[in-house]
Structure formats: C-alpha cells, structure tokens
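**Q** Sequence:
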Amino acid sequence: MSKIGIVGIRGMVGGTLIERMIKEKDFEESHQYSFFSSSAKNQPGPKINHKQYTFLDAYDLDLMHEMNIILTTQGSDYTKDVYASLRKKGWTGYWIDAASYLRMEKDVIIGLDPINDHVIKEGLARGIKTFVGGNCTVSLLLMGIGNLIKNDWIEWISTMTYQAISGAGAKQIGDLLKQVRAFDIDEQKHPLKLEKEFRQLIKQKTFPLGEIGHPLAFNLLPWIDAKMEDGRTKEEWKGQVELNKIMGLKKILPVDGICVRVPTFRSHAQAVTIKLKKNITIKTIEKEIAGSNSWVKLIPNDVEESKRYLTPLAVSGTLDIAVGRIKQMSMGKDYI
4 MSKIGIVGIR
14 GMVGGTLIER
24 MIKEKDFEES
34 HQYSFFSSSA
44 KNQPGPKINH
54 KQYTFLDAYD
64 LDLMHEMNII
74 LTTQGSDYTK
84 DVYASLRKKG
94 WTGYWIDAAS
104 YLRMEKDVII
114 GLDPINDHVI
124 KEGLARGIKT
134 FVGGNCTVSL
144 LLMGIGNLIK
154 NDWIEWISTM
164 TYQAISGAGA
174 KQIGDLLKQV
184 RAFDIDEQKH
194 PLKLEKEFRQ
204 LIKQKTFPLG
214 EIGHPLAFNL
224 LPWIDAKMED
234 GRTKEEWKGQ
244 VELNKIMGLK
254 KILPVDGICV
264 RVPTFRSHAQ
274 AVTIKLKKNI
284 TIKTIEKEIA
294 GSNSWVKLIP
304 NDVEESKRYL
314 TPLAVSGTLD
324 IAVGRIKQMS
334 MGKDYI
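Using our numbering, you'd call the opening residue of the sequence shown number 4 and step up by one each time.
Hints in this document: simulated from the structure, not taken from any laboratory. Note that the coordinates shown come from a computational prediction; the quantities given were computed from them, not determined experimentally. Be careful, since some hints might not be right.
[Claimed, not checked] Quick list of simulated restraints, FRET-style, between CB atoms:
#, residue 1, residue 2, range
1, E22, G234, 25 to 31 Å
2, S309, K336, 21 to 27 Å
3, K83, K124, 25 to 31 Å
4, N304, N71, 32 to 38 Å
5, K281, L252, 31 to 37 Å
6, F221, A173, 17 to 23 Å
7, L256, K83, 27 to 33 Å
8, K109, V306, 47 to 53 Å
9, G234, S42, 33 to 39 Å
10, G14, P211, 30 to 36 Å
[Stated by the list, open to error] Simulated pairs of lysine to aspartate or glutamate, DMTMM-like, Cα-Cα distance not exceeding 25 Å:
#, residue 1, residue 2
11, K153, D178
12, K83, D228
13, K310, E291
14, K278, D155
15, K280, D259
16, K286, E158
17, K254, D337
18, K153, D116
19, K290, D120
All C-beta atoms in this analysis are idealised placements derived from N, C-alpha and C, irrespective of residue type, glycine included.
All chains should be built: construct the whole structure from the sequences, respecting the hints.
**A** Next comes the structure, spelled out in structure tokens:
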C-alpha cells in the first residue's frame with residue numbers, strides 16, 4: 004500500500020483530475036490518500052467514497068516526507084518553494100507534477116504515456132522519480148500527430164494555436180465572463196451602432212480587464228507568456244523544446260508558430276502546417292492519425308463534419324482529440 008499525497012485540487016486542473024480519478028475508481032484501490040492545500044489547511048477537504056478528508060498543510064515537509072507519491076496541480080510557484088527542499092531532506096518518493104517549473108530539468112521526464120511510454124519505462128528503469136505533465140498544446144499536438152513523428156515522416160512543424168482562457172486559470176475564466184456581461188446587447192440597435200458602442204465601452208476605465216489585463220471578449224490576444232530573446236514567446240518556445248524532450252528525439256525536430264489567446268472557455272485548438280520528408284498520401288496520413296491512440300477522432304474534410312465536430316465546443320468536457328481539415332497544400336505534395 005502506497006501513501007499518496009495530492010496537492011492543489013481546488014483549481015481547474017486539480018478539480019478535473021479528481022473527477023477523472025473518481026470516474027476511473029482510483030480511490031477504490033488499496034492506497035492511503037492524503038490531501039494537501041497551500042491555503043486551506045485544517046479545513047474540510049473532499050468527500051470521496053463516504054470518507055471526509057481534511058486538508059493538510061502543503062508546506063509541512065515532515066508530513067510530505069511520509070508520502071511515497073506526491074501528485075501536485077498547485078502550480079510552479081509551489082513546486083519552486085517545496086520540491087528542492089523536500090529532496091534535500093532525503094525524500095526519495097515519486098513526484099508527479101502538472102506545473103511547468105521542472106519540465107526541462109535533466110532528471111525529469113515529461114510524461115505523455117499514449118505517446119512516449121517507452122521514454123517513461125526507460126526512465127523508471129534508470130531510477131527517475133520525477134515526472135511532469137507537458138504544455139497543453141504540445142501534448143494535444145502529439146496526441147494528434149505523434150505517429151507521424153514516430154515514423155520519422157516530418158521535416159518541420161508550424162503550429163498556430165487558438166488557446167482557451169482556461170489555460171490561464173480558473174480566475175481568468177471568470178474575468179472573461181465579466182467582460183462579456185459588461186456589454187449590454189440591445190438587439191433592436193443597428194449592428195454598426197452596437198459595434199461602435201462596444202469599442203467605446205472597452206476604452207472606459209471601468210471596463211473589467213481583471214487578471215487578463217486586456218479586452219478578450221469579442222477579441223483575441225496574439226501573445227501568451229513572457230518574451231524570449233529571439234522574438235518568440237515562452238509559450239511558442241515550449242513547442243519545440245518540450246516536443247523533442249517528450250519524444251526523446253536525438254535530432255531536433257524544428258517546431259515554431261504563433262500562440263494566440265481566444266475568447267473560448269475550454270479546449271485549445273491549433274492549425275498545423277507540416278513539411279513532410281517525402282510525398283505521403285492523405286489516405287496514409289489519415290490512417291496513421293486515426294490509429295495513433297483511442298482518444299483521436301478523425302474528422303472528414305467536409306464542411307458540415309468540420310463545423311459540427313472540429314470545434315472547441317464539440318470536444319469540451321470530453322477526452323476527444325479531434326483532428327481534421329487534413330489536406331495537401333498548393334505549395335507542394337510534401338506539405339500538409
């Protein structure tokens with residue numbers, strides 16, 4: 004029986020994780036679970052299988068040291084504060100983390116087991132004890148086209164992301180809702196007048212920007228995360244470095260693009276251009292994508308199918324990875 008500590012279940016990622024664990028009946032296995040919080044210690048925690056848990060102090064290293072496995076969705080700041088100190092105390096357990104802070108460390112594996120289970124197994128055999136989740140859009144990209152990379156068919160990838168506000172955290176979902184509600188839509192007014200009124204509204208000091216910092220309602224923001232020296236954002240930088248680390252590639256596969264925040268609540272999307280190393284038929288590409296894993300849903304390149312099933316709303320709340328609009332490009336048969 005393992006002692007498993009779970010940190011940070013009150014946010015979106017943690018809440019979703021617990022929902023999945025309950026659905027998968029993970030808590031029915033013979034393990035001892037403890038729930039930790041950075042701000043709600045000694046307060047009532049979740050009630051699971053008729054058992055009421057109490058939140059323990061997530062900064063109590065002695066308590067954390069008792070765990071065989073720690074699973075955290077608390078974020079990078081928490082990991083930065085606790086991880087190294089816990090290891091220095093001699094803790095040798097498994098640290099499983101959703102945050103980005105440790106991703107590029109040498110003795111850390113970015114786990115995406117439907118795609119890189121071979122990397123995970125090799126790491127376990129070498130005694131690796133720290134596993135982290137990857138960037139959201141990188142993980143989704145690999146879930147969709149991972150087989151094409153495994154087959155060594157790709158020369159480079161350009162991906163333009165359309166990222167939902169959920170990627171910025173639960174607080175900013177509320178901020179987006181406040182921005183939408185700030186605009187009182189009068190359907191009797193002419194559309195041009197409504198558009199003008201909205202432009203005037205967002206210029207007012209009272210417009211609720213919140214943590215988003217800029218108007219996102221009926222808008223988009225072509226910048227996510229910090230600026231890198233080469234002009235990319237950190238979010239765009241992650242595309243190449245994380246993809247190559249997840250896949251365990253010895254030769255760098257170039258990945259670049261633009262990351263854009265859009266006013267959708269959940270489910271990121273991306274438009275991907277791929278330069279193939281050789282001409283491969285669309286039928287063959289579709290077969291490889293469809294057979295990549297059980298979560299991929301191949302959407303035919305059809306107007307109605309695309310509008311119905313290849314959208315953030317269509318996949319939100321599911322585990323589906325919808326992949327569609329697959330076509331050869333006019334610039335050459337080795338571009339899709």
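**Q** Evaluate each hint against the coordinates.
**A** Here's how the hints hold up against the structure:
Under the hint 25 to 31 Å, the C-beta atoms of E22 and G234, about 39 Å apart, miss the expected range. Look at S309 against K336: about 22 Å separates their beta carbons, and that is inside 21 to 27 Å. Taking 25 to 31 Å as the suggested C-beta distance range, the pair K83 and K124 conforms, at roughly 29 Å. At about 48 Å, the beta-carbon gap between N304 and N71 misses the expected band of 32 to 38 Å.
Separation of K281 from L252 is about 18 Å and departs from the stated range, judged on CB atoms against 31 to 37 Å. In this structure the supplied range 17 to 23 Å holds for F221 paired with A173, their Cβ-Cβ distance being about 21 Å. With their beta carbons about 29 Å apart, L256 and K83 fall inside the hinted range of 27 to 33 Å. For K109 and V306, the hinted distance range of 47 to 53 Å is satisfied, since their beta carbons lie about 48 Å from each other.
Between G234 and S42 the beta carbons are some 37 Å apart, a value that agrees with the proposed interval 33 to 39 Å. Between G14 and P211 the beta carbon distance is about 21 Å. The supplied range of 30 to 36 Å is therefore violated. With a CA separation close to 40 Å, the supplied pair K153 and D178 exceeds the 25 Å bound. Straight-line distance between C-alpha atoms of K83 and D228 comes to about 18 Å, which keeps the hinted pair within the 25 Å bound.
Restraint check for K310 and E291: the C-alpha separation of about 23 Å stays at or below 25 Å, so the hint holds. Under the criterion of a C-alpha separation no larger than 25 Å, the hint pairing K278 with D155 is consistent with the structure, at around 12 Å. Simply put, K280 and D259 have alpha-carbon atoms about 17 Å apart, close enough for the 25 Å limit, and the pair holds. Note on K286 and E158: the hinted pairing holds, with a Cα-Cα distance of about 19 Å set against a maximum of 25 Å.
A distance of roughly 20 Å separates the Cα atoms of K254 and D337; the hinted pair therefore holds under the 25 Å criterion. Under the criterion of a C-alpha separation no larger than 25 Å, the hint pairing K153 with D116 is consistent with the structure, at around 14 Å. For the given pair, K290 sits about 21 Å from D120 by alpha-carbon distance, which is consistent with the 25 Å threshold.
In terms of the numbered hints stated before, the structure departs from hints 1, 4, 5, 10, 11, listed from lowest to highest.
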